[in-house]
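2 protein chains.
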Amino acid sequence: MTARQAESAFLQACRREPVPYTPVWYMRQAGRSLPEYRKVRQGVSMLDSCTRPEVITEITMQPLRRYDVDAAILFSDIVVPLRAVGIDVDIEPGVGPVVDTPVRGPADLGRLRALEPGDVPYVTEAVQLLVAELNGRPLIGFAGGPFTLASYLVEGGPSKNHDRTKALMYGDPELWHALLGRLAEITISFLHIQVAAGASAVQLFDSWVGAVSPDDYRHAILPHTSRIFAALGSAGVPRIHFGVGTGELLGLMGEAGADVVGVDWRIPLDEAVRRMEPGKALQGNLDPAVLLAPWEVIEQRAREVLVRGRTAEGHVFNLGHGVLPETDPGVLARLTDLVHAESTRPKPGTP
Amino acid sequence: MTARQAESAFLQACRREPVPYTPVWYMRQAGRSLPEYRKVRQGVSMLDSCTRPEVITEITMQPLRRYDVDAAILFSDIVVPLRAVGIDVDIEPGVGPVVDTPVRGPADLGRLRALEPGDVPYVTEAVQLLVAELNGRPLIGFAGGPFTLASYLVEGGPSKNHDRTKALMYGDPELWHALLGRLAEITISFLHIQVAAGASAVQLFDSWVGAVSPDDYRHAILPHTSRIFAALGSAGVPRIHFGVGTGELLGLMGEAGADVVGVDWRIPLDEAVRRMEPGKALQGNLDPAVLLAPWEVIEQRAREVLVRGRTAEGHVFNLGHGVLPETDPGVLARLTDLVHAESTRPKPGTP
Numbered sequence: 004m005t006a007r008q009a010e011s012a013f014l015q016a017c018r019r020e021p022v023p024y025t026p027v028w029y030m031r032q033a034g035r036s037l038p039e040y041r042k043v044r045q046g047v048s049m050l051d052s053c054t055r056p057e058v059i060t061e062i063t064m065q066p067l068r069r070y071d072v073d074a075a076i077l078f079s080d081i082v083v084p085l086r087a088v089g090i091d092v093d094i095e096p097g098v099g100p101v102v103d104t105p106v107r108g109p110a111d112l113g114r115l116r117a118l119e120p121g122d123v124p125y126v127t128e129a130v131q132l133l134v135a136e137l138n139g140r141p142l143i144g145f146a147g148g149p150f151t152l153a154s155y156l157v158e159g160g161p162s163k164n165h166d167r168t169k170a171l172m173y174g175d176p177e178l179w180h181a182l183l184g185r186l187a188e189i190t191i192s193f194l195h196i197q198v199a200a201g202a203s204a205v206q207l208f209d210s211w212v213g214a215v216s217p218d219d220y221r222h223a224i225l226p227h228t229s230r231i232f233a234a235l236g237s238a239g240v241p242r243i244h245f246g247v248g249t250g251e252l253l254g255l256m257g258e259a260g261a262d263v264v265g266v267d268w269r270i271p272l273d274e275a276v277r278r279m280e281p282g283k284a285l286q287g288n289l290d291p292a293v294l295l296a297p298w299e300v301i302e303q304r305a306r307e308v309l310v311r312g313r314t315a316e317g318h319v320f321n322l323g324h325g326v327l328p329e330t331d332p333g334v335l336a337r338l339t340d341l342v343h344a345e346s347t348r349p350k351p352g353t354p
Numbered sequence: 004m005t006a007r008q009a010e011s012a013f014l015q016a017c018r019r020e021p022v023p024y025t026p027v028w029y030m031r032q033a034g035r036s037l038p039e040y041r042k043v044r045q046g047v048s049m050l051d052s053c054t055r056p057e058v059i060t061e062i063t064m065q066p067l068r069r070y071d072v073d074a075a076i077l078f079s080d081i082v083v084p085l086r087a088v089g090i091d092v093d094i095e096p097g098v099g100p101v102v103d104t105p106v107r108g109p110a111d112l113g114r115l116r117a118l119e120p121g122d123v124p125y126v127t128e129a130v131q132l133l134v135a136e137l138n139g140r141p142l143i144g145f146a147g148g149p150f151t152l153a154s155y156l157v158e159g160g161p162s163k164n165h166d167r168t169k170a171l172m173y174g175d176p177e178l179w180h181a182l183l184g185r186l187a188e189i190t191i192s193f194l195h196i197q198v199a200a201g202a203s204a205v206q207l208f209d210s211w212v213g214a215v216s217p218d219d220y221r222h223a224i225l226p227h228t229s230r231i232f233a234a235l236g237s238a239g240v241p242r243i244h245f246g247v248g249t250g251e252l253l254g255l256m257g258e259a260g261a262d263v264v265g266v267d268w269r270i271p272l273d274e275a276v277r278r279m280e281p282g283k284a285l286q287g288n289l290d291p292a293v294l295l296a297p298w299e300v301i302e303q304r305a306r307e308v309l310v311r312g313r314t315a316e317g318h319v320f321n322l323g324h325g326v327l328p329e330t331d332p333g334v335l336a337r338l339t340d341l342v343h344a345e346s347t348r349p350k351p352g353t354p
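In order, the protein sequences belong to chains A and B. The first sequence begins at 4 in my numbering and counts up one residue at a time. The second sequence begins at 4 in my numbering and counts up one residue at a time.
Calculated directly from the structure, the hints in this document are not laboratory data. The beta-carbon is built from N, C-alpha and C at its ideal position, and this holds for glycine as well. Heads up, a few of these hints could be off.
To be verified - Here are some chain A residues the structure puts well away from chain B; computed CB gaps all over 10 Å:
no.	residue
1	Tyr24
2	Arg41
3	Ser52
4	Arg55
5	Gly139
Unchecked claim - Covered stretches of chain B, as calculated for chain A (at least 3 residues, CB under 8 Å):
no.	region
6	248-257
7	262-270
8	288-296
Pulled out of the complex, with its shape left as it was, chain A reads as follows (with noise of 0.2 Å):
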C-alpha cells in the first residue's frame, strides 16, 4: 500500500475509520455520458474495449481529468469473465449482453469452466498500468453478482422479470446452486485476479438481484455471494456490494460479508443503517435521474444524502444507480466539489 492509499478516504471510509471529507465516485463514471468515451469507443465494440489494455487505461482515467472523484473503476462489463472461459455472449448496443446458447440444462453447465489468470492477460495488464497511472488513488476492481450473471446466462440476454431464470430457482435447485456455485468460481478468480494485479477495493454489482424476495435470497443466493466475499477476505481490500431496488436485502447483503453496502435512492440511508448489522459502511444514493433537474435541486438533494450518510458508520457518496448517458460532465464535476467541500471535517486543533 502507498502512503497516498493509507490516506485514502474512500478505503478509510470503506473501513469505517475517521476520515477528512466524505469520498466519492460514481458507478459509470467512465462510459457514454463522456464525449471522450464515445470517441474512444468509434468503431469499436463494447467487448473489444474491455479486452485492449491501453482502451480499458484510458476510460477509465477519463473521469478522474473530469472530477476529483476519490477512486477510479476498472473500465469492463460483467460479462467478460463469462466470455474468456468461452461463453458466446456478445454486447449488442442498445439491448445488452446477448447470449447465443442460453443455459438451460445440466449438460450446460461444463462451457462453464475455470477462470484462469492467462484467460484475462488484458485485465492484469490494465490493471497494473492503471495503479501506476493513479498515483496512489484506489483503483476499484468489480465483477457481476450470481443472480445477475445466472439471469443473462439463463435468458439468453437482458430480462424484464427474469422469469425463466426464477422459474430454475424455484424449480430445480439442485441445478440453480450447480450454475450459482461456477458463477461464484469464476467470479472469485476473477477478483482474484484483479486484486493480485493491484486493485485496492473490490465490488460485486449483482444488480438485478433485487427481483427476489429475502426468503429466496437466504437460500437461493447468500450461500453463494457469502462463498465469493470469504474468498476474498485474506486479499484485505474492502468489498463493496450492490444491487437495485435491494431495499428488503440490504442487511442479508451484509451478512454475505459485504464490507461496504450499497444503496439505490429508494430508501433514506439512514433507514437503510437501521437495516443492516453494526460493522458495515453504506455507498450511496443520490438517484441519477436527479441530476437531470436544475442544480439547485441537485445540492439540496446531495446534501440530504450527506446528512442522512452520517448516520452510518462509513459512507461513501455515489449515486443510486449508474450515471445517465444524458447527465452533463460538467453537473458531476461540481457535484463532486459540493460533496467534498460539504463534507470536509476541519482537523482537530484548527480553528
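Given the coordinates of chain A, assemble chain B onto it according to the supplied hints.
Frame of chain A; chain B shown alone:
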C-alpha cells in the same frame, strides 16, 4: 347490490369481513396466457379490442370459463382514457404504449382535457353487458395511477428508469403537479364511469411508482392518489391500489385512501401487514414466475402465501404481478381450487 354480491368472498375480504374462504383473482387473468384470447385478438389491435364492447366482454369472461376466480376484471388498458381525450397514444405489439408527442412543457397540458362518459361509451356498454353476464360475481374496474400515466406521457413510451419523468418531478414541481392533477381528474372520471355502469370494485394500477422514494411519493404523488380515492369514496366500492416494487411505499399507499393494498412478491404479506396502518386489507402475492415451476413448488408457495395472508385483516389471493404469457392455464385452474380448498373455514356449528 345483488344477493350474490352481498355474499361475495372477494368483496367481504376487501371490506375485512369474515369470509367463507380466501377469494382469488389474477392480474392479467385475461390475456396472452390464454389461447382463446390470442384467437380473438388475431388481426385486432390492442386499442381496438379495448373499444369494442363485445370484444371486451368476451375477453373479460374467458378466464372465468376456466378458473373459479372470485372476480372478473374489465379488459382494458391504462392508456384507454388518455386516447379517449385525444392523446396520440397507441400500443405497439412487443413494445407497449407509445405516445407520438410526449408531454414536455406547460403547453402540452391543454391536450389533457376532461374525460366525459360520452368519450368512452364502449366502456359503459361493456361493463353493463358484463354485469348482466356475471350474474352477481363482482367485476373489478380499473385505471392507471398518476405516476405511471405520467411516465408514458413524458417518456413517450415504456421506460426502464423513468428518467425524464423523474427529472420533471424533481425539477419542475409546478408543471408536475399540474400534469398529475389533470391525470387525476381523468382517472376519477374514468373510474366513476365504470362504477356507474356497475363495477363492484376498482383497482388503481400505479405499476411503476416503486421507482420513487417514500419522501418523493409523499410530496409528488400521494396528493393526487388521495384525491382519486377520496372522489371514489362516496361510490362505496372497495378501492384497491397496486404497484410493483412498492415495499417502501405500502404504508403510504394505504394512507392515500386505498381499502386494499396490493403487494408484489418481494416482501412477505406478514411483513406488509407490519408496514400498514390498521384498517387495510391486502392483496397478493405469489411470484408469477413460481407458476413456471413444478406443481409441488407452486403448492408449497401458495400455502405459504395463505398462511402469511392470515395475519392481514382481509386477504385477497393474487399474484405479485400479472400472469406471465407463458403460464399454463391448467396450472392457474388448479391453483384457484387449491386456494379455495386450503382456506375454506367450516361454518359455525358444522363438525
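Hints and how they fare:
A cut-off of 10 Å between C-beta atoms confirms that Tyr24 of chain A is not in contact with chain B; the least separation is 25 Å. With a minimum CB-CB distance of about 19 Å to chain B, Arg41 of chain A clears the 10 Å threshold, and the non-interface call stands. No Cβ of chain B comes within 10 Å of the Cβ of Ser52 of chain A; the nearest lies about 23 Å off, and the non-interface call holds. Interface exclusion of Arg55 of chain A from chain B stands, the closest Cβ pair being 29 Å apart, more than 10 Å.
Under the 10 Å C-beta cut-off, the non-interface status given to Gly139 of chain A relative to chain B holds; the minimum distance is some 35 Å. Residues of the region 248-257 of chain B with a Cβ under 8 Å from some Cβ of chain A number 3, which satisfies the need for three, so the listed coverage holds. With 3 residues carrying a beta carbon less than 8 Å from a beta carbon of chain A, the region 262-270 of chain B meets the three-residue requirement, and the given coverage holds. Residue count for the region 288-296 of chain B with a Cβ under 8 Å from a Cβ of chain A: 6. That meets the three needed, and the coverage hint holds.
Hint compliance for this structure: no hint is broken.
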